[in-house]
Amino acid sequence: MTECLQLAGGKVYDPANNIDGDIKDIYIEQGRIVETPSATPRKINVSGMAVMPGGVDIHCHIAGPKVNLARKLQPEDHRLDPHPGTEQTRSGVGGSVPSTFATGYRYATLGYTTAMEAAVSPIGARHAIEEFHDTPVIDKGFYVLLGNNIFLQQLLREGRKEEFRHAVAWWINATKAYTTKLVNPGGDEPWKGKKNSRVGNIDEKSDVIEVSPRQVIDAFIGAVNELGLPHPPHIHCNNLGHSGNFDTTLETMKTAGDRRVHLAHIQFHSYGGEPGKNPKSASRQIAEYVNSHPNITCDVGQVMFGKSTIMTADSALAYTLRGFKKAKWVNADTECESGCGILPFSYQEHIYVHALQWAIGLELFLLSEDPWRIVLSTDHPNGGSFMNYPKLIRLLMDREFRKEEIKRVNQKAVKRTLLNELDREYTLNEIAIITRAGPARALGLKNKGHMGPGADADITIYDEMEDKEAMFNAPRYVVKSGNLIIENHEFRRDYTGKFLHTEPGYDASIVDQVKPFFENYYSIEFDNYAVDDSYLHDHEVIASSP
Amino acid sequence: MSGENVKIVENATCTFCGCVCDDMVLTVDLDQKRITKAKNACILGRAWYAEHYIEEDAPAAMIDGKPASIDEAVEEAAKTLVDAKFPITYGLSDTTCEAQKQAVAIADIIKGSIDTTTSVCHGPSGIAFQGVGESTMTLGEVKNRADLVIYWGGNPAESHPRHFGRYAVTAKGMFTPRGKKDRTVVVVDVRKTPSVPAANQFIQVKPGKDFELLWALRALVKNRKISPNIEEITGVSLETIQALVDKMKNCRYGALFFGMGLTMTRGRHFNSGALIALATDLNEYTHFVAKPVRGHGNVTGADNVMSWQTGYPFGVNFSRGFPRFNPGEFTTVDLLAKKDVDAALIIASDPASNFPQAAIDHLAGIPVVSLDTKATMTSKLAHVAFRTATYGINTAGTVYRMDDVPITLRKAFDSPFPTDEEILTAIKKRVRALKFPKNQAGDKVPPGRASQKEHWKH
Amino acid sequence: MPETMLLVPGRSSKQGTSLNKGKFEDEYQEITSLVEMNEEDMVRLGFNNGDKLRLKNPVGETIVTCKSKKATDLPHGMIFIAYGPGSSRLMESDTAGSGMPLSKHLPVQVEKIG
Ligand code: SF4
Ligand SMILES: [Zn+2]
Numbered sequence: 088m089t090e091c092l093q094l095a096g097g098k099v100y101d102p103a104n105n106i107d108g109d110i111k112d113i114y115i116e117q118g119r120i121v122e123t124p125s126a127t128p129r130k131i132n133v134s135g136m137a138v139m140p141g142g143v144d145i146h147c148h149i150a151g152p153k154v155n156l157a158r159k160l161q162p163e164d165h166r167l168d169p170h171p172g173t174e175q176t177r178s179g180v181g182g183s184v185p186s187t188f189a190t191g192y193r194y195a196t197l198g199y200t201t202a203m204e205a206a207v208s209p210i211g212a213r214h215a216i217e218e219f220h221d222t223p224v225i226d227k228g229f230y231v232l233l234g235n236n237i238f239l240q241q242l243l244r245e246g247r248k249e250e251f252r253h254a255v256a257w258w259i260n261a262t263k264a265y266t267t268k269l270v271n272p273g274g275d276e277p278w279k280g281k282k283n284s285r286v287g288n289i290d291e292k293s294d295v296i297e298v299s300p301r302q303v304i305d306a307f308i309g310a311v312n313e314l315g316l317p318h319p320p321h322i323h324c325n326n327l328g329h330s331g332n333f334d335t336t337l338e339t340m341k342t343a344g345d346r347r348v349h350l351a352h353i354q355f356h357s358y359g360g361e362p363g364k365n366p367k368s369a370s371r372q373i374a375e376y377v378n379s380h381p382n383i384t385c386d387v388g389q390v391m392f393g394k395s396t397i398m399t400a401d402s403a404l405a406y407t408l409r410g411f412k413k414a415k416w417v418n419a420d421t422e423c424e425s426g427c428g429i430l431p432f433s434y435q436e437h438i439y440v441h442a443l444q445w446a447i448g449l450e451l452f453l454l455s456e457d458p459w460r461i462v463l464s465t466d467h468p469n470g471g472s473f474m475n476y477p478k479l480i481r482l483l484m485d486r487e488f489r490k491e492e493i494k495r496v497n498q499k500a501v502k503r504t505l506l507n508e509l510d511r512e513y514t515l516n517e518i519a520i521i522t523r524a525g526p527a528r529a530l531g532l533k534n535k536g537h538m539g540p541g542a543d544a545d546i547t548i549y550d551e552m553e554d555k556e557a558m559f560n561a562p563r564y565v566v567k568s569g570n571l572i573i574e575n576h577e578f579r580r581d582y583t584g585k586f587l588h589t590e591p592g593y594d595a596s597i598v599d600q601v602k603p604f605f606e607n608y609y610s611i612e613f614d615n616y617a618v619d620d621s622y623l624h625d626h627e628v629i630a631s632s633p
Numbered sequence: 018m019s020g021e022n023v024k025i026v027e028n029a030t031c032t033f034c035g036c037v038c039d040d041m042v043l044t045v046d047l048d049q050k051r052i053t054k055a056k057n058a059c060i061l062g063r064a065w066y067a068e069h070y071i072e073e074d075a076p077a078a079m080i081d082g083k084p085a086s087i088d089e090a091v092e093e094a095a096k097t098l099v100d101a102k103f104p105i106t107y108g109l110s111d112t113t114c115e116a117q118k119q120a121v122a123i124a125d126i127i128k129g130s131i132d133t134t135t136s137v138c139h140g141p142s143g144i145a146f147q148g149v150g151e152s153t154m155t156l157g158e159v160k161n162r163a164d165l166v167i168y169w170g171g172n173p174a175e176s177h178p179r180h181f182g183r184y185a186v187t188a189k190g191m192f193t194p195r196g197k198k199d200r201t202v203v204v205v206d207v208r209k210t211p212s213v214p215a216a217n218q219f220i221q222v223k224p225g226k227d228f229e230l231l232w233a234l235r236a237l238v239k240n241r242k243i244s245p246n247i248e249e250i251t252g253v254s255l256e257t258i259q260a261l262v263d264k265m266k267n268c269r270y271g272a273l274f275f276g277m278g279l280t281m282t283r284g285r286h287f288n289s290g291a292l293i294a295l296a297t298d299l300n301e302y303t304h305f306v307a308k309p310v311r312g313h314g315n316v317t318g319a320d321n322v323m324s325w326q327t328g329y330p331f332g333v334n335f336s337r338g339f340p341r342f343n344p345g346e347f348t349t350v351d352l353l354a355k356k357d358v359d360a361a362l363i364i365a366s367d368p369a370s371n372f373p374q375a376a377i378d379h380l381a382g383i384p385v386v387s388l389d390t391k392a393t394m395t396s397k398l399a400h401v402a403f404r405t406a407t408y409g410i411n412t413a414g415t416v417y418r419m420d421d422v423p424i425t426l427r428k429a430f431d432s433p434f435p436t437d438e439e440i441l442t443a444i445k446k447r448v449r450a451l452k453f454p455k456n457q458a459g460d461k462v463p464p465g466r467a468s469q470k471e472h473w474k475h
Numbered sequence: 003m004p005e006t007m008l009l010v011p012g013r014s015s016k017q018g019t020s021l022n023k024g025k026f027e028d029e030y031q032e033i034t035s036l037v038e039m040n041e042e043d044m045v046r047l048g049f050n051n052g053d054k055l056r057l058k059n060p061v062g063e064t065i066v067t068c069k070s071k072k073a074t075d076l077p078h079g080m081i082f083i084a085y086g087p088g089s090s091r092l093m094e095s096d097t098a099g100s101g102m103p104l105s106k107h108l109p110v111q112v113e114k115i116g
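Protein chains in written order, with the numbering used here: chain X, 88 to 633; chain D, 18 to 475; chain Y, 3 to 116.
FYI, nobody ran anything at the bench for these hints, they're computed from the structure.
One or more hints might be untrue.
To be verified - Using 27 Å as the maximum straight-line C-alpha spacing, the simulated DSS-like pairs for lysine-lysine come out as follows:
| id | chain 1 | residue 1 | chain 2 | residue 2 |
| --- | --- | --- | --- | --- |
| 1 | D | K54 | D | K24 |
| 2 | X | K602 | D | K397 |
| 3 | X | K602 | D | K428 |
All chains, please: the whole structure from these sequences, using the hints.
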């Protein structure tokens, strides 16, 4: 069904292949980019337009148990934002947590063709994959939450590093995950088991688990790098959102040494000041460390003003935030593994902390020296919906616009940052890096984020416009796996998209260790836990290189 | 010949109630097409399996009470639904998620309403959830951690017999190694149900006064004063209420399970909301969770599929080309009793036997398409009736336990009848063809995972 | 004068197991038309086990069989029935905007027939 296409005369932005706005034809055949097609292609004239690889979201929350709870929770958010169906596409609802169909179509309408769900509990993996099946157009995968897994922590306590690595690999295979995710490692036990308390310091040992967050972090970085997963552990550091947390963030990065690691939504972890008091910006310290350590990649988790939904495996954090308004709140504990907290939220320009968070995110973008290692994200929907990406791009590309926006927010907050001094403007090439080429590379997706021969034919074509928000809001064409999905701004057809996962190797005898733990402490049978292959729709295993 | 061709299915899942026990060991007599033994099943589960047999002679499809081919019936069903001005789809709690997905797709295409049995069981709890949120958990957390368990307005001993043993009362876990000895169990109800003997304490509340009692508890948790007449109002003394508050505040991990004694009585979602809010409040002092005890095997799956596809858990209408949610307007009892709908697709449910009479009367007067594993009051009045395979026994597929944990079903043996998913997929294709005759390119989304395409044709 | 009592429909094990055997079987019909009543109420009202009673409210009526329950297990004035066609007949269809008809705690008039 895929077409043989010639995208003729466009300005090509393909940073991975050092192409920066050159006029060049792109050929597509059998879902891939080719040097020269074997048949006569259908020619589409895209002169005057910017041609880029499809966008890649390295960190968002779009599928699985917590996302669905957040959907169920907010009819008031959906009803303001209906998503009508067409003869080709299903209907749905939007808001900060859209229905699955609307999620896929809306990513496509921004020119994004890949998105990674950043936190799924192992027991919820089957659920996430079922939702992916109903999330059209985009390719997708997820990171499995293992940082509070009691069995794994027991192995660490006993110093069984080797078995730990096998067990991690078993869990990735059993859940069909892409990589491991750590969220507030070590923080679940005090939350669930010690009357809603929290860990403050990454060297603090829980008296039940007897391992510190730092030990957990170190062990995962070691294991995942040894397993050679295409993407390193994806870490949501301890103390998210708390004043003075930048220290924890630095310590977490130091724990990695020179080993690969990805830090999630680093904006939320770049706060100075004293715990319990108003935060200050520590973006300079964080940016400097990241700049000088090529083993680190991060995504920003930019805050955008307006409606958001806090949804996080950091349950204690969601509860802390609930304290402000005492509005509706969800906590959901997941046996032996994880949990989550959900809170409808909104960021407001006049509030000091919100304005500071917004400014810190922008500072991090503007202070970072290597666009390949800092990825554009809003931690959708935590910092705001992914639908804000075009506006965020404009904030980065358009200094005058940024100045106007800065004037509208809490000035006390702005003064505590460097924002007014930062004149940098991102180029289109740099935007192509932080939204596609960079995240694809950080994810180890060799066929994505670029347009060299053999790459997946995931391509977005924008009309070049002065107003970058308008430009990135409505691509004229979107090609997914060689299928022309959007043509002249309109959906031409539906498409399911691929599921991306990894299959790191492990010693099968580890199952004998996991199973007895299961039988004692889980509430489902061991043999019903792993997700079997019948759940895979169109999928691709991304190779590990141990 | 019986007894020779026998198969054992381990880790099978019982879908008779929301406990969705996945530790069944089924002995299947393949010649007789019967399950002769279901190890680990409770009394309800045993009956579910023991009474399951295939009525080989029954027609797979009927139109107006006369046997028809499946293809004819699919065509007639599709026409019925497309011709209707306002069709409703209802049921869905006793079938797989794979089938539920197809049902929502049909409703989307025909721009009708879709609703599930949730609206007449824990629909009010769903509404309460939307207002209050919920502190909740998977059942394994209760088994591992809970030292205080309260059942309110439910009778699991009879409706969910293994809830106590597997999850919440005698279950032994990580921090509750001695099971029952490590926890306190309280039952609150209007009558002394068979669940009461399992509890350390029974609190009898006056009928219809659950809200008042819950509100009094909330007030005392926050150290507020309550009416000195509280015993007169609720039937429960101030000392008893205060003692319960102390227990709740001082436990390590508390769990409140609630049943339809809250949702089906005066106050409905206010009752559920009060209980959820109580659990939320208690998190100021300790860790506390709440959970509705859901009835049908996959009613939780229906909530989940509806939510991810439409944004809303039940009571959804597509007439404007996108989902809208309005309980009381788009819920089935209302749509039928107000005579709003002019056709119905009923899946794995029997509203003709358990709805209010006014709703049944309207249902009897409109064309109905039904899918069920056996003859029901609804299938008897249906214009088109399909007989389908029983989920979890004759089909694979996915179900969600009452705590949102997804579980894959294992098929014990084949049924000659098609699955709900197959019939609904076939209807969807025909409905789409009738609605959009010029555009068939849209249906590129592959069929669900468990589908065995139209196997009845081979 | 018929007595007004509070009808509580609910689930029971027997209703559950008989449901599996089939709704058109006698057992299910029997179980869903059996009403449990406080034994002291029965004495007061002159009812015996096995008596046929008519339950009636403005919505409809149904005929049930009476069965005694210990006074400690069922409060005065309350009667219990397993869900089924009988309880349907007495349920109001107005859901007060919730989708849920009031299905428990239905005030009904009870009188012996025959
Ligand atoms: S408790 Fe429910 S799911 Fe478990 S065996 Fe009994 S009927 Fe089946
Ligand atoms: Zn995140």
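Which of the numbered hints above does this structure break?
2
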